[in-house]
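Enquirer: Residue strings, one per chain:
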Amino acid sequence: MPHLVIFYTLNIEAKIDMSELCRALADTMLKQLDEAGKQVFPTGGTRVLAYPAPHYAVADGKADYGFVYLNLRIGAGRSDAIKNEAGRALIDCARALFDPVFKDNLVGLTLQVDEGAQVFDGKLGNLHPLFQ
Amino acid sequence: MPHLVIFYTLNIEAKIDMSELCRALADTMLKQLDEAGKQVFPTGGTRVLAYPAPHYAVADGKADYGFVYLNLRIGAGRSDAIKNEAGRALIDCARALFDPVFKDNLVGLTLQVDEGAQVFDGKLGNLHPLFQ
Amino acid sequence: MPHLVIFYTLNIEAKIDMSELCRALADTMLKQLDEAGKQVFPTGGTRVLAYPAPHYAVADGKADYGFVYLNLRIGAGRSDAIKNEAGRALIDCARALFDPVFKDNLVGLTLQVDEGAQVFDGKLGNLHPLFQ
Chain A
1 MPHLVIFYTL
11 NIEAKIDMSE
21 LCRALADTML
31 KQLDEAGKQV
41 FPTGGTRVLA
51 YPAPHYAVAD
61 GKADYGFVYL
71 NLRIGAGRSD
81 AIKNEAGRAL
91 IDCARALFDP
101 VFKDNLVGLT
111 LQVDEGAQVF
121 DGKLGNLHPL
131 FQ
Chain B
1 MPHLVIFYTL
11 NIEAKIDMSE
21 LCRALADTML
31 KQLDEAGKQV
41 FPTGGTRVLA
51 YPAPHYAVAD
61 GKADYGFVYL
71 NLRIGAGRSD
81 AIKNEAGRAL
91 IDCARALFDP
101 VFKDNLVGLT
111 LQVDEGAQVF
121 DGKLGNLHPL
131 FQ
Chain C
1 MPHLVIFYTL
11 NIEAKIDMSE
21 LCRALADTML
31 KQLDEAGKQV
41 FPTGGTRVLA
51 YPAPHYAVAD
61 GKADYGFVYL
71 NLRIGAGRSD
81 AIKNEAGRAL
91 IDCARALFDP
101 VFKDNLVGLT
111 LQVDEGAQVF
121 DGKLGNLHPL
131 FQ
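Residue numbers (the numbering used here), protein chains in the order written: chain A, 1 to 132; chain B, 1 to 132; chain C, 1 to 132.
Each hint can be trusted.
Note that identical chains are pooled: a pair holds if it fits in a single copy or bridges any two copies.
Below are the DSS-like pairs computed for lysine-lysine, each with C-alpha atoms no more than 25 Å apart in a straight line:
#: 1; residue 1: LYS103; residue 2: LYS62
#: 2; residue 1: LYS38; residue 2: LYS62
#: 3; residue 1: LYS123; residue 2: LYS83
#: 4; residue 1: LYS103; residue 2: LYS123
#: 5; residue 1: LYS123; residue 2: LYS38
#: 6; residue 1: LYS15; residue 2: LYS123
In case anyone wonders, no lab produced these hints; they're calculated from the structure. Computed from a prediction, not measured in an experiment: that's the story for all the values here.
Could you build all of it, start to finish, from the sequences and the hints given here?
Expert: Following this line, the structure appears as C-alpha cells:
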C-alpha cells in the first residue's frame, strides 16, 4: 500500500492519457510527507492501476457521460491531517489533467480513500527491498 | 455513489448484453424511492461499470461455469428497509435478464451491497450539478 | 464467497500463465479444511477473476516494474487460525508459480484477505446447488 485502482468508462480513454495520469498520481503519493518530514507512502508499495470499463451506464444515460472512480487503499493508523492532505493532493493532481476534459465533456470524477482492514496480509517479490 | 461494479467471467460476454444490463441496473437504482417518496440515489452519482475477466477459475473447473459478481457501494446512513428494497430490486432486475442464461448455462450471480467507510471523499467534474 | 480478484500490471501477462494461476489458487481454496475436517469454502462459491491493467504506474517508475494484487473476500465468522492458514496456503501457491518470474523481473505481489461486511447479499443461478 498505498494501492490506487481507477475504474473508468471507456469513453474517457480517447480524452486523456491515462498512463500519464497513473504516473502523476503515483508521483503525488511519493511526495507526501508526514509531520516529521518522512515519506508517508513507501516507494516499493506505491502502485496505480487503471481499468477502462467496456460496458457501463452513467446517470440517466441521456448523453455520452463519462465517469472516473479512483479508489485508494492505505494502511490504517495515519493521522487525519495526513489522510486529508494526501486526498487533496491527489484531487489537485487529477484536476490538473482533467480540467481540459471537463471543458468539453460531461464527466464526473470521485476519489475515495479507504483504510484497509484486512484479516491477512502477505507479500512476495523483490520490489519492496529495492527501495529500503 | 451509488457505485456498482460488475466483475464477470469472459464466457458470459457472448450470452448476455452486458451494456443493456448496466443500463437496466442504473435505471433500477434511479427508481428507488425513500419513505418520503424522494429518490434514494442521486442521478448524477449513479454509475455502473462492468468488467469481463480474461482469466478466471470457478468452482471445481470441471465444466464451463460462469460467474457474475455485482458489488454496489453506497453512502452510509440509509435505513435497513431502503437498503433491502434496493438490493431486492437489483436482484429482480438481474434475474429478468439472466433467466434465459441460467436455462442453458451453469452460472452463479452474487450481489453484495457495501456501505462505504471512506476516510476521504473528493469530487470533480460537471456531472452532479447537471441534475441538481 | 470466497471471491478472489487479481489486479495486475499488463507487463506481467507475458511472464506467467494467469489462467493457470487462477486455477491453482481456486484449487488451494477448495483444499482448505477447518478444525473438523470440513471444507472451509463452498465449491460453488469459489471463484477467481484476474484483470491485467492496461495503464499503470509502479514505485518510482525508473524500471519496468510489475505488480500483482490479490484481494480475497470471505464471509465473516471464521477463526483466526483458518484465515491465517488460508492466507498462507494462497501465498505458497502464488510463490510456486511466481518464483521463476521473480528471478528475472522486479515484481511485487500482495495478498490481502478481507472479511465482507455487506449490508445486503443476494444470489441467483444454478451453480451453488450443483455442489450441495
